[in-house]
Amino acid sequence: MLLAAGVAILVAMGLALLRTLLGPTVWDRIMAVNSFGTKTVLLIALLGALAGRTDYLDIALLYALINFIGTVALMKYIETAPHEDAPEERA
Amino acid sequence: MDWAAVTGGVLLGVGALLLVAGGIGINRFPHFYSRLHASGVVDTLAAALVLAGLAPAFGVTLGTLKLALIFVFLLFTSPTACHALARSAHLSGLREPRTPQESSSSPS
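In order, the protein sequences belong to chains A and B. Counted the way my numbering counts, the first sequence spans residues 1 to 91. Counted the way my numbering counts, the second sequence spans residues 1001 to 1108.
For the record, the hints were derived by calculation from the structure and aren't laboratory data. Even glycine gets a Cβ: it sits at the ideal position worked out from N, Cα and C. Please note that a few of the clues may not be correct.
[Unchecked claim] Covered, in the sense of this in silico footprint (three residues per stretch, anywhere, with C-beta under 8 Å from a C-beta of chain A), are these stretches of chain B:
1) 1006 to 1019
2) 1025 to 1035
3) 1067 to 1076
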């Protein structure tokens, strides 16, 4: 079951990567990268279960932290920049 | 029969199915906000299910506590990141495409 779940997580990561490459807007790409990061956390935790070691979970927790900080930092960066698709209706 | 392992396997299976469904969702939905819905909602639940499904593999050890910590962290940050994305997109002026009737009556 662990192996099957690992394969499913890898497939879902591939689909998220596809949206990252295709995404028409920059938010689509960031959403997909954030989703990819969440799946990476799950994959690392699953590898830890496969290896029977709890050290992996520390790495997974750290990855979750970095993933969240990175997403929010990108948000703050983009929020101040106008977007080419957007109409001129910013107040 | 090891009921803990069976429960963990079922939770893992459901979580993995949800992850793949969410992956299909973010590729098939028509515009950004619906894709964000697929990503944000599904990822939170699937992460919770997968982490809960991993707990029997570690047993009652420090590993399960760390899994619970990851779970709590994801439970807070995943919706927060989703909200930040939607807010940023909305503030930058990204709108849903209008339906055909709306766009024909009020072209803008």
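Verification of the supplied hints:
| no. | hint | in the structure |
| --- | --- | --- |
| 1 | 1006 to 1019 | holds (count 8) |
| 2 | 1025 to 1035 | holds (count 4) |
| 3 | 1067 to 1076 | holds (count 5) |
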